[in-house]
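S.K.: Chain residues, written in single-letter form:
2 protein chains.
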Amino acid sequence: MKISSLGEIKLIDKIRSQVKLFSNDIIKGIGDDAAVLEYNSKYYMLLTTDTLVEDDHFSVRWFKPEQIGSKAIESNISDIAAMGGIPKYALVSITLTKNLEVDFFDKLYKGIAKKCEKYRISIIGGNLSSGKKISIIISLIGVVEKKNLCLRSDAKVNDLILVTGTLGNSRSGLELLKHNKCGKSIDYYLNPTSKLKESRLLVKNKINAMEDVSDGLASEVLNICNASKKGAVIYKDLIPLEKNTIIDAKKVKKDPYNYALYGGEDYELVFTINKKELDSLNKLKNKLKFSVVGKILPKNKGVYLLDKDKKIKLNYGYEHFRRS
Amino acid sequence: MKISSLGEIKLIDKIRSQVKLFSNDIIKGIGDDAAVLEYNSKYYMLLTTDTLVEDDHFSVRWFKPEQIGSKAIESNISDIAAMGGIPKYALVSITLTKNLEVDFFDKLYKGIAKKCEKYRISIIGGNLSSGKKISIIISLIGVVEKKNLCLRSDAKVNDLILVTGTLGNSRSGLELLKHNKCGKSIDYYLNPTSKLKESRLLVKNKINAMEDVSDGLASEVLNICNASKKGAVIYKDLIPLEKNTIIDAKKVKKDPYNYALYGGEDYELVFTINKKELDSLNKLKNKLKFSVVGKILPKNKGVYLLDKDKKIKLNYGYEHFRRS
Chain V
1 MKISSLGEIK
11 LIDKIRSQVK
21 LFSNDIIKGI
31 GDDAAVLEYN
41 SKYYMLLTTD
51 TLVEDDHFSV
61 RWFKPEQIGS
71 KAIESNISDI
81 AAMGGIPKYA
91 LVSITLTKNL
101 EVDFFDKLYK
111 GIAKKCEKYR
121 ISIIGGNLSS
131 GKKISIIISL
141 IGVVEKKNLC
151 LRSDAKVNDL
161 ILVTGTLGNS
171 RSGLELLKHN
181 KCGKSIDYYL
191 NPTSKLKESR
201 LLVKNKINAM
211 EDVSDGLASE
221 VLNICNASKK
231 GAVIYKDLIP
241 LEKNTIIDAK
251 KVKKDPYNYA
261 LYGGEDYELV
271 FTINKKELDS
281 LNKLKNKLKF
291 SVVGKILPKN
301 KGVYLLDKDK
311 KIKLNYGYEH
321 FRRS
Chain Y
1 MKISSLGEIK
11 LIDKIRSQVK
21 LFSNDIIKGI
31 GDDAAVLEYN
41 SKYYMLLTTD
51 TLVEDDHFSV
61 RWFKPEQIGS
71 KAIESNISDI
81 AAMGGIPKYA
91 LVSITLTKNL
101 EVDFFDKLYK
111 GIAKKCEKYR
121 ISIIGGNLSS
131 GKKISIIISL
141 IGVVEKKNLC
151 LRSDAKVNDL
161 ILVTGTLGNS
171 RSGLELLKHN
181 KCGKSIDYYL
191 NPTSKLKESR
201 LLVKNKINAM
211 EDVSDGLASE
221 VLNICNASKK
231 GAVIYKDLIP
241 LEKNTIIDAK
251 KVKKDPYNYA
261 LYGGEDYELV
271 FTINKKELDS
281 LNKLKNKLKF
291 SVVGKILPKN
301 KGVYLLDKDK
311 KIKLNYGYEH
321 FRRS
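Each protein sequence line maps, in turn, to chains V and Y.
Following our numbering, the numbering of the first sequence begins with 1 at its first residue and continues without gaps.
Following our numbering, the numbering of the second sequence begins with 1 at its first residue and continues without gaps.
Simulated from the structure, these hints should not be mistaken for laboratory data.
Heads up, the beta-carbon is just placed ideally off N, CA and C, and yes, glycines get one too.
Counterexamples of contact, computed for chain Y against chain V with all Cβ distances above 10 Å: (1) S59; (2) K147; (3) V157; (4) T193; (5) K287; (6) G302.
Beta-carbon label-pair distances, calculated as ranges: (7) V:E117 <-> Y:K275: 40 to 48 Å; (8) Y:D255 <-> V:I26: 44 to 52 Å; (9) Y:I26 <-> V:I246: 44 to 52 Å; (10) V:I9 <-> Y:K251: 45 to 53 Å; (11) Y:R61 <-> V:K250: 48 to 56 Å; (12) Y:K251 <-> V:W62: 48 to 56 Å; (13) V:E38 <-> Y:K20: 25 to 33 Å; (14) V:N300 <-> Y:D103: 30 to 38 Å; (15) Y:H179 <-> V:K313: 53 to 61 Å; (16) V:E277 <-> Y:K197: 52 to 60 Å; (17) V:K313 <-> Y:L21: 43 to 51 Å; (18) V:K114 <-> Y:R120: 33 to 41 Å; (19) Y:K311 <-> V:K2: 53 to 61 Å.
Facing chain Y, from chain V, some residues (calculated, C-beta under 10 Å): (20) K10; (21) M45; (22) T49; (23) D106.
Extracted from the complex, chain V is given alone in its bound form (with noise of 0.2 Å):
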């Protein structure tokens, strides 16, 4: 059987299964944003890693090689803000084409330097190889307050699912490049910023579970849901949409709810409360932009989408070696 046949969740599920851990300061493992390691009386520790490939994650027909450096970053950080951290460290790894200019090497560089200047993450090491296509492999290593640490196993049945800013602003950007059309949403694809400072006044309040959106709404409360042994319910229109979103999507034909849900990379985080904390976090709305989306239900009622009265199953969006 080939990897397009087999996709990337069931990939996920033979290496979970082959995995044993030695060491007892492990408090999370595969399984959530980043991994969490003991660390010290008031910290723990976050590592986490991902991997930009040329022609899967970005095109060097679309990306200015700064954009593709700071997206590499971005998309790190985002791992960190899920968990409720601070990044603190990076190891940048990158693996070059012989026949690239060196300038564009430069600018790359640039545009991972410069986030990390942004945000006072220190490079500490990393490496160089050399293949066919360019790829950016960063592992960020964070550390969270242990009582900030969010994770996705802990939603509680009628805690309400929120999200902050919009979403599937970045798959509409995506689509208007491949359609070869303009519009507004293109820069939230090429240029992504993580929710970092959106995560450090969230995790001062009372929040539940919590994971950020890079693979569509509908992926990310499928895995908050698993790992909390939960069912949950969207509500269509609650969705927050950019207005452009809307007007870009129509222009290539597109749902941009369907974005929303299963086209990723946004960057914006999705989390959970009990409902009498929300008095508190409304408090934050000078701050930050959120919006109810959905609820959190007892496992047997499933993960679903209501669309006015109609109750649509959710599934997985982007998986990496499906043919699309």
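With the hints as your guide, set chain Y onto chain V.
M.R.: Positioned in the frame of chain V, the structure of chain Y alone reads:
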């Protein structure tokens, strides 16, 4: 200018010039086998990352999938061993081709998992992506007792330079494969093993600088000398060669000393000690094999090989990106 004209060393210099550190708990950033962070009262944390790219670091014509996985882990452990430390946690990222057989992936991951079990390394995270070639990127996190940390920069004038085991075997194996010939050194190339146990024995003695031999003895001695601001002499006739390596090098009409100096991937250790410590070190002779190969000199003497009476300046060995 193209990457291939500039070469790896100058690219790394470019990176170093851009990197800023924002934490005062970074003992060593870029510029050694692993980064060193303050951890707790007894230990430093070590972090390293290494990439294996198909057709650059391995070919599926020669390597079984399990051997690729094993080599990926061993090359990273070698960097932790070079610092005197113990590996503990791994982040494993793999880029796969869509057409790859699932069975190949299973065996590759088994190679990684089996080695992790052997060394009691916990796989705590990673990711999968899709690309035109297979690559395996491992970030390995370890610890080292503060008193046992070995840096490249700790070599002293008149220190003896020693290496564990024998050198040049791996390159000898690679050359046999390239020339469709057989010989015992092929096994060294396909199944490299890091010298973790040896490193842990060594650091319990008083050693100064240490590094693993991943790019050939010449490069490693140059790294130690550059970091320590010293010169060095290597005595050609003291370089330890395996009998089979000499036999196999003859088959392809190559000089086995060249393999030792410029071949790479031997994953032996090169280290320096005060000559007063040699007696104490010799007590380990029944547990590990090592040989004196040279001496640290003042910086103004340069770094050279002494071949009988002839002084030959040492240069960096294998560089990625250079056309060979």
